[in-house]
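Student: Assemble the complex: chain L is given as a structure, and chains R and Z must be docked to it using the hints.
Protein chains in written order, with this note's numbering: chain L, 1 to 460; chain R, 1 to 244; chain Z, 1 to 197.
Derived by calculation from the structure, the hints in this document are not laboratory data. Treat the hints with care, since some could be wrong.
Stated by the list, open to error - Examples of chain R residues lying across from chain L (beta carbon under 10 Å, computed):
1. Pro16
2. Gln39
3. Gly43
4. Phe51
5. His53
6. Ser60
7. Leu61
8. Ile63
9. Asn65
10. Leu147
11. Ser191
12. Lys193
13. Ile196
14. Glu208
15. Tyr209
Stated by the list, open to error - Here are the simulated DSS-like pairs of lysine-lysine, each with C-alpha atoms no more than 25 Å apart in a straight line:
16. Lys12/Z - Lys89/L
17. Lys229/R - Lys17/L
18. Lys12/Z - Lys305/L
From the three backbone atoms N, C-alpha and C, an ideal C-beta is built for every residue, glycine too.
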Amino acid sequence: MNAKKQDHAALSEIFNKDEERVNWHDETLWWVRQKRDKAAFGVPEWEALRETASAIKHHTLSNLHDYLTTFEQKAVENGIVVHWAAGAKEHNDIVLSLLNKAGTNKMMKSKSMLTEELHLNEFLKEQGIETIDTDLGERIVQLLEEPPSHIVLPAIHRKKEEIGALFHIHLGTPEGNADPKLLTYAARLNMRDVFLTRKVALTGVNFAIAETGEFVVCTNEGNADMGAHLADIHIASMGIEKLIPQRDHLAVFLRLLTRSATGQPITTYSSHFKTPRKGKEIHIIIVDNGRSVQLGREDFRASLKCIRCGACMNTCPVYRRSGGHSYHNSIAGPIGAILAPNLDMKEYADLPFASTLCGSCSNVCPVKIDIHQQLYKWRQIIVQEGYATPAKKAAMSGMNFVLSNPGVFRAAGKAGRWVLRHAPYIAANKFDPWYKHRELPQAPKASFNEWYRKNREQHE
Amino acid sequence: MNVALFIPCYVDQFYPQVGIATLELLEKLGVTVSYPIKQTCCGQPMANSGFEHLTGDCNSLFINNFSAFDYIVCPSGSCTLHVKEHLHDDKNKSAAKDIRSKIYELTEFLTDVLHVTSLSASFSHKVSMHQACHGQRGLHLSQMTELVAPPYSKPGRLLSMVKGLELVTLDRADECCGFGGTFCVAEEAVSAKMGIDRVADHVKNGTEYITSVDMSCLMHLEGILRRQKSNVQIKHIAEILNAG
Amino acid sequence: MSNRDKILSAVKQNQPTLVSLPEVAQFDKYFTESITEFKKVCEGIGATLHFTDSYESIILLLEEQFATARPVVTSIPELAAINSSSAIFNSPQEYENIELVVIKAQLGVAENGAVWITEADVLERALPFITQHLAVVLHKDMLVATMHDAYKLIGKDNYGWGTFIAGPSKTADIEQSLVLGAHGPRTMTIFIMGTLL
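If we strip away everything but chain L, and leave its shape as in the complex, we get (with noise of 0.2 Å):
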């Protein structure tokens, strides 16, 4: 780790230095935006089903503690056995004490973005414990030794040629070899064997019912249920704004779910747990990690609605086009940038700032999340909390002077016409951003005011 971490914008200036990468990667998830858009317009109801699943997290999220000691409650009647973590050290202790008990040191793992951010790998690793993931996106920026750039797609930061690179290191594959379909099959292969011998599946959650103690797991590649039906103990980590109050209401989540995420009607696995297999084992850890903190800020809880689809990425014309590791956060992406403030404010002060404001993925979202409007927020909290920097902080005192002053703003924006007409190259020069990919605008002799005080009556 670097002393000194990269903001958004110098992460993103290094990823636009390859444009060709960059028109790939903002073409490649707009496709799966439109994708999403076929989805959500062959169901007539959409805009309705997206009102209903808002308004339904919104009174879970109003009477979370006593869903979750329901949820609980049931779970143990069900035979599942419950922990509680309060952050990543509880969960991650917790997850190596069940490893210890099995008497391994090997672990698979479906997608989970909450084991990312808790960095349950890198403290398993650190504890001699290999983990592998068997996501097929997961298992490759596994080998790449990077995080996911996508909470759905964690692999599409990379061309097909690199991962044939890869695998041809890891998994045998011939040698300059890119067909995905060749690539899929010898991961298939490889992961066989680690499914049938590895003791220990860890999947994440999608949702879990209140009222029948059970959780949904979804995946498209069969991953989490290949683990957890083999494994003898199944650890599911789920953070606390997982739950939904009843089994029907499921209806209206896998609806919008992966129609969103990908445009598909609904992914091809979605599991329910209810009990565990005969003589074997399910762990559920319920994980808050700040989340209880968020619950408080009003603001911002609505943030907990997120069902994790990666929707807002893929609309989000500054995430195509700055790849999910500008965000350096284990959520990239609108949604990403309003988590994470919450977690570090101070660390992540800069992801609010990594939006134009344009709104698309608020209007995406399907649980409603206004999630431009908390960017505009955060950036108010940032600010207020100091973490403005110095320059910043001037600039905008001064312009808050000049602007509040009519005098001073009709001077000042004379002052600035003449240059821009009379010495353009004090503006336009190297050092300042704007002029890099753009020619300012060009000054006129008169502003509008002039005009109108010439031209019409006055009105003061």
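Tutor: Only chains R and Z this time, still in chain L's reference frame:
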């Protein structure tokens, strides 16, 4: 009807022709328009940068300038939205609320208040519409492509009343141009790339003029067009609706 | 204080004022329990559909489609004849070489091509995943329009485990190129029973 014109700071300084076109267009439609001479800015540049707490003086000035009118009309979706959502004054809450309820973006005013059904304008060119995000997703001037809902467009309807004008459709109907206020310099790389991609979409589809309800987006796109030495030009929608 | 109590008390303190649980509206019937719609959606997600009216014809079709796929396991008594000998095991790992699994689906959903299967329909939870090819038998009367209808039928069923399966396993993790056959079955065949009456 007692109408005041609010001309955003950068339009006042860099694009006076947009202010003039707005004024003339409203006058053509029989509206008596006043222009409070001491106006400056809505305060959005500060607020979007996280300094909304510094906009108090700006807001008071705005209230002083505009309280006396029935309507405030502004040729910018972005500035209008900012006033609608964020203009507050703790010392004068009701006046602030009143301002928020009576400010209109120009095409919104023409459509919803004046109920304009015909225009005398003519502009015989291929024109493409840049959907400025704050006007579209904030003020709902046009339907948004993300929503499963019937299409409409207030600026589009007005453009269809202009004689000779051929409206060009784009591959991505409402993607952001990347201006984003201070974003355009703070996040230069992404901002410029977004602008370059937006311009490419318009150019590819054969436009001669890119128009919009927001001059800030157009300033950004113009900067890119001029750097590329393109023949494609920008024109604020007021200039087109007032043309000929 | 335990982690549990710490979390629960923080949640209690920070959760907003209670708002009521919304009713899920009865949406206009845009989707119907139409077999042709179901077929179209299933084919769109990579599954193959056959209409049939008897288990005998299913056996014939299976023998034709999966002539070389051995061993075969089915949990459907009427299809017991196709079971490979000594293909019933005690641990899920032992099914690793299974080529074809044939099971009953309890219901099918027209809007998304998914079929509902629970533990009662399989010998091992791993079975529909570990096999190279999956075939399910669904009665035409068990087709519903939407997921809302599906959960109405599922109701309070006390399954230990259940799943919606929609087509063969798939991935698009490499450059969004769709590949059928990720970690689960490479193909999925659906037999709709009772359609030739």
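Student: Next step is simple, just say for each hint if it's right about the structure.
Tutor: Hints, verified against the model:
no. : hint               : verdict
1   : Pro16              : holds (4 Å)
2   : Gln39              : holds (7 Å)
3   : Gly43              : holds (7 Å)
4   : Phe51              : holds (4 Å)
5   : His53              : holds (7 Å)
6   : Ser60              : holds (8 Å)
7   : Leu61              : holds (6 Å)
8   : Ile63              : violated (12 Å)
9   : Asn65              : holds (9 Å)
10  : Leu147             : holds (6 Å)
11  : Ser191             : holds (8 Å)
12  : Lys193             : holds (5 Å)
13  : Ile196             : holds (7 Å)
14  : Glu208             : violated (19 Å)
15  : Tyr209             : violated (17 Å)
16  : Lys12/Z - Lys89/L  : holds (23 Å)
17  : Lys229/R - Lys17/L : holds (22 Å)
18  : Lys12/Z - Lys305/L : holds (17 Å)
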